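So the sequences go chain by chain: A and B.
First residue of the first sequence? That's 23 in my numbering, and the numbers climb one at a time after it.
First residue of the second sequence? That's 6 in my numbering, and the numbers climb one at a time after it.
These aren't lab readings, by the way, just hints derived from the structure by calculation.
Keep in mind that this is a model prediction, so the values were computed, not measured.
Do not rely on the hints blindly, as some may be mistaken.
Claimed, not checked - Some, not all, of what chain A presents toward chain B, calculated at C-beta under 10 Å:
| # | residue |
| --- | --- |
| 1 | LYS224 |
| 2 | ARG234 |
| 3 | PRO266 |
| 4 | SER270 |
| 5 | GLY273 |
| 6 | PRO290 |
| 7 | MET300 |
| 8 | VAL307 |
In this text, a Cβ means the ideal position worked out from N, Cα and C, and glycines have one as well.
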Amino acid sequence: MAKPKLAIYWAASCGGCDIAILDIEDKILDVANFFDLAFWPCAADFKYKDVAAMPDKSITLTLFNGAIRSSENLEIAELLRAKSVVMCAFGSCASEGCIPGLANLTTLKEICDYAYLKSPSTVNPEQIIPQPKTKVPEGEISIPVLWNTVRTLPQVIDVDYIIPGCPPQSNQIAAVIEAVIDILQNGKPLPPKGTVLGATDKSCCDECPRKRDVKKIKKFVRPFSIVPDPDICLMEQGIVCCGPATRSGCGAKCVIAGVPCRGCYGLPSHIRDQGAKMVSAIGSVIDSQDPEEIERIIATIPDPMGTFYRFSLPDSLLRRNQA
Amino acid sequence: MSKVSIEIDGKPIEVESGTYLLEAVRDLGVDIPAPCRYPYLKPKPSCRLCSVEISEGADSVSKIVTSCNYPVTAGLKVLTNSEKAIEARRAALNNLIGRTAPTTLLGDLAAQFKIDNPKWGHKYVTCIFCKLCIRVCDELVGAKALSFKKVTDQDTTSIKLDPEKCILCGACAFVCPTNHIKLEEAQDRPVVHSEMSLGPNAAISLTFRQAVPNVPRIHTEQCIHFTMGGCQVCSEVCPKDAIHYDQPDQIEEIEVGTVIMATGFQDFDPTPMKQFGYGKYPNVISAIEFEQMNNAAGSTGGKILLENGAEPRSIAILHCIGSRDDNYHKYCSRVCCMYALKFAHLAKEKTDAEVYQLYIDMRAFGKGYEEFYHRLLDEGVNVIRGKGAEVVPVSYKRSAEGGLIVRCEDTLIGKFREIPVDMVILCTALEARSDAAAVGRKFNISTGADGWYIEAHPKLAPVSTTTEGIFLAGVCQGAKDIPDAVAQGSAAAAQAMRLLNKGEVLMDAAYAEIQEQFCSGCRICNGLCPYNAISYEEAKKVSYINSALCKACGTCVAGCPTGAIKARHFTDEQIYAQIEGILT
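So that you can see chain B by itself, here it is in the shape it has in the complex (with noise of 0.2 Å):
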């Protein structure tokens, strides 16, 4: 591209020939109102604010042009204050103005061009026919699901939508300068609390921010390239050319000795526990939702605040939701009560509201925990112990104004409780994650019946299992606070140095194995093992067992049919004697 020398104001400068005029007036600092123009559609004039006045070669008359299509030529002459441009500019957005209603935007340029009493053309449609709308999404996203339409008893037009066709990107709304394509419509939860959802938002986002590596990725199914096949705005933007949209996802095989899981857990879902109105009611939050909020980085920058956006009066913090429930999980979670403890706390120091905690029982087990309860009964914090049976609105009527109402039995003095509050926090149990059986299949390790990874002894193998040189480490394991998790994934580790330290492992001489002999191939033992130990031999026509993965829990020897099968030191010789001997 070779470079051209022209005039802007008097001044001259270099640009790059074929640059449209905005740009290189832009350049200079000089700004040019140009609501239509968005940098990655080419131009096309349609509200004329850019109207700059120019002259080409030394005698040339002068003459208006719109910048933003306008490409600089050599010994081009402009003037983008000339009281030429400045009218033309004026006609055009009275023009505008004649034909919309009044909005912030046209509203400053009005003043800027002391428009006095601008005449506006309409009372509610707020388009200003930019067209970006439609030719964003005709030629980016490529989902031409916008028209225009005439607003038949109002005399003027609107953008339309075929719902069959939009796909929710959102570009047409990004792109009106004007707003007046809004998405609220297209939410069902406004304002704070919906936002402090951990998942993506964005095409292109980090997973989480401590993510490793930390590097945005591709989300292809929200993505308008992978969804539509155009935009590719990301790729234009990116000065270092690091997006590819066709780098094939890379599967690593990497080649380990030992293996710890330290898969963690998921939170419960209080949502199928219609009687706390979680989700229903916006002021009934999840604990981590209450803990994303008061993050610094959250989303209302560590403030506590209602769905509205004011400051809770009043907090109840129900502990055990899904935990220590017969109907959901039998166990304790464990953290919960030391957690909601700390949300007091918390919600002490940041708020002035009254906060409640109903308990069943306060487990405050740990090293400085039963002080730290001591400390928080100090602070005025109303401990009921009592679990709480139901959250409602204060008023059906009066719902919207988001007041709820804790029932709960108090049992210490035997009375039943409603508590006016405006915020209700579900401290929901830990579980295991719902992939965590097909995981642990993977790695021949089983769950047991509440979810978690089963150890290979509960008190002398604690972060073993069965299946040698695979350990656990944290709540895949089961429910436990930061300390025992640390403790623990501290002792997996050294385990795993253990072996890899020797560089051979000690199996247990109980084991099954086939007498070839004796095998028929009937492959019937081949889908019974747990740990897929058991494989055919197509050439010989037998099953065989790979001792190193065999457990010797003895599934297979029950099941083969022709008694080829033997469980080294559970044959069924010996425990015929042992029955002989029992009966004798």
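Next up, chain A with everything else stripped away, as it sits in the complex (with noise of 0.2 Å):
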């Protein structure tokens, strides 16, 4: 019988996904020995043509890292999904824009601009910006273009499941693979679709070690402006902690190194927008009734957008800046 197969894919995405799954140590030989790897671009030499050239349906999982935001992202996505009996967003970019998806904030001409003519480090005196399509002296040649915004995969194609994550935890990975082998091999029903693999139904505060209390804030702080108490929580210490409107699953790390969480995890399951969510919540603990008081201490907030949309904006219910 032959092996099942398994295609990677990294779309707009730092890489640190496709390192997160080799960091799932001794695993990584089951993987190997489970599944014929039939696309993995960042590991292994592969070509598109190989994948178009495969029937519908013949590759068993696929894992898709990255967001969407190129016609190459997009094409490469439906590929993916004509040939893949299931489809996995696989960490945070794929799954709600992350990173990537700040660009949202801006346009894809400012982008331009600043990366091709205005950043102090770019010499580029003949103002060369990158075209999709440019006449060379033997014809027309193209590159992808790039999109105004960054979308997130399953906003473009049907996906069955989601790994939370920047990146997913390695021991995450190793759990939902494991898993995926049992199906497999002893055809277990797989679960519902749309279910986050991975992580839990609750939120971060709930893996995390430190005491809480009844939250009442005068200031926030950035987290390298005090010591941290090692044993309460960031938010009651004026630090914003995402915490409390991420899933929970990874473990608590930052918050039990004293870093507040930035959220990577992504909104649990009862909440529509991670941002919005931790906007209310913080503005419920703010201790004043004074209005001008109120605006000082939210203003001790840097980068409310960054702090608190940081991994989610293109999934979120603001999307894009409409400017």
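Using the hints, put the two standalone chains together into the complex.
Next up, the structure:
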């Protein structure tokens, strides 16, 4: 019997997800034993035409990481969807947009202007900005089109499961892989479509060992400006911690180390907008009745968009800057 | 204590052994002057006016002693009015007169002892050196603030006060037999109106006359015993031994099924409205002060008097002080128009004064009220439609005389008017008590923008609150007059009885609940609930909502960052569906 086929692809992403897959240590050998690697551009040399040549539904599982922000990302997403039985949005970029998604706060033109013209480290005296199509003596050549708006994988194709995290924690990846092998070997039923794998329904606070009390915040501080008490909830110490509105599953590694949760595991099952929930939670615990004082306290939160929507902007109710 | 027999002026009597002679003599009704005696200090003869002649035993020689500190012994014979005794007292009196300035006390005594042309030793200093003030301050009060001082240029001594040590108790002035020590200097506003204060003016007093239970209490912040540790005179005089200084405050917990809030209002303080000069001009008084004055048991015995004790010739009554005013309270206090008319009626009845009413609108809307207004018009009260704008003294040079001018615009004749009056009554607004919000939080009821408690529904549930079982009565819910307050109180009582009779409470089906399986115990919701319905279960590490307390306001639902709190009947899904329904 032929081995089940596994595909792993990276769209708009940093590569951290691929490294996280390798980070499962000796379990990677099980992966190699059990699966036939059909496609993994990061790790091995495959061509798109090889995938296109496969029959539909011939890949058992695709782990797709990275957001969709270019014509190439979409083309491969659609191709892999057609070829895969199970399509899994792997990591924060694929499932909710993540850091690339913050591009939705600005426009493609501004990004290109900065990257190719204005950035202090750029030397571009001829003011060349890449164009999708370029005429050369040999004819016209083309590169993929970079879009104005970053989208998530579920926004462009039908996705079966989601594995959250930036990147997903290796123990969770290992657990998911084990479960997949279990299902394929022993014929166990698949979880319902849309299930979030490798995480739980509660929030990061559930795994956080810090002691929590009623929160009353008079001033927000940045993590470097205080030495946080190792035993008390970071938010009670004035640090903006996104743990309360972030899905648990990561093991609360950041908060245990004294760094506030940045929210990479995305939104828990019962809410629709992680940033909005975080804003309303933070707004609820500000300890003042005086509008002016409240303004002053809120002003101590640096970069609210980047803090509350760091991972979820394209998937949120806000979607993008409309200007 | 054994009794001993003595003889006073030939009369044999039995007294307790060790009693001071002065008391035994006074018990018999014989009056001996003793200005330096104060019953709560040990006797220490310094005036010697209480001298009597005594002889111990049949054949002993008679002698003069000061009766105030002479303990009786068996067989004592006392002559209070013998020539020798009177001569001794006259000599002592002459001695006192020779050291002091004329006072009523010594003047009367001089006449009594037939001293013509007493040779007063001093022009001003009326101190007779009895030392009572110093001793009361040292021994009873414990402040030790007084001592003798030499008045260098006048060859006499007087009393010196150490202002650092003085606690302003007034005991020295109280015991001073010649009124050499006075308290008046410590007071800013003398004479009549300042005594209208409803607060206590002695350390032991009744809170107010209708207080329940109607017993006096010690105001520890003013009591000498509690501030200095001394005194305890009250426990000495109390025949029932009812005074216990170490009696602790008792906090009683009463379990009740329903609560009626009837916390009332407070009077608006017109001091910040500088244009009316309240607190600055003594004859500008507030409505409650005028009311107090009219009370037959009040400070003036029911007479309407100016600060100087004279009857006013004209009175202006200014409506809407602090109410119907964008700077203070926008609402109408509802009761002022009618009590202002009553004031006019009282003033007309008790004095010959001209009375002016300065009103914005005359709101005589109750049963019989309009008729009362017309009756007042017939009585000759001057009603001026126009709010009093300013109260100024007649002339700043003569402001001490107390004449006032009220400035206003009479909108009916379209003229600016200045009305000279003796007295101005400010009809101050009813306002919510300053602690209404704090008390309300304890009972999970809220206050509106104007500070009054909010009823559950202005038309359909006017005595209920959003908290089941708590009802409102009277002005704490909004300004109203006595008939309205009584009506509302009766309604609240009936509502409370309805619940008590039934013994159970129907709950609204809409309330928030925490879905335990999704709650991570972040405790963000814990401080949000205005009804204190949310608690934290340490064992399960989840928060919990008491559905009996929850009023389904939704604050925690919005605040819950994991969406674990569900507002029953107002779920997110329902609201999204409504939005989608509207948008499609």
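A quick look at each hint next to the structure:
Because the beta carbon of LYS224 of chain A sits about 4 Å from the nearest beta carbon in chain B, less than 10 Å, this interface hint is met. The interface hint given for ARG234 of chain A holds, since its Cβ lies 5 Å from the closest Cβ of chain B, which is under the 10 Å cut-off. With 10 Å as the threshold, the beta carbon of PRO266 of chain A comes within range of chain B, its nearest partner Cβ sitting at about 4 Å, so the hint holds. Checking SER270 of chain A against chain B: minimum C-beta separation of about 7 Å stays under 10 Å; hint holds.
Checking GLY273 of chain A against chain B by beta carbon gives a least distance of about 14 Å; that is not within 10 Å, so the hint is violated. A cut of 10 Å between beta carbons decides the hint on PRO290 of chain A: the least distance to chain B is about 5 Å, and the hint holds. Hint status for MET300 of chain A relative to chain B: holds, with the closest Cβ pair at about 6 Å, below 10 Å. Interface hint at VAL307 of chain A: satisfied, since its Cβ lies 6 Å from the closest Cβ of chain B, which is below the 10 Å cut-off.
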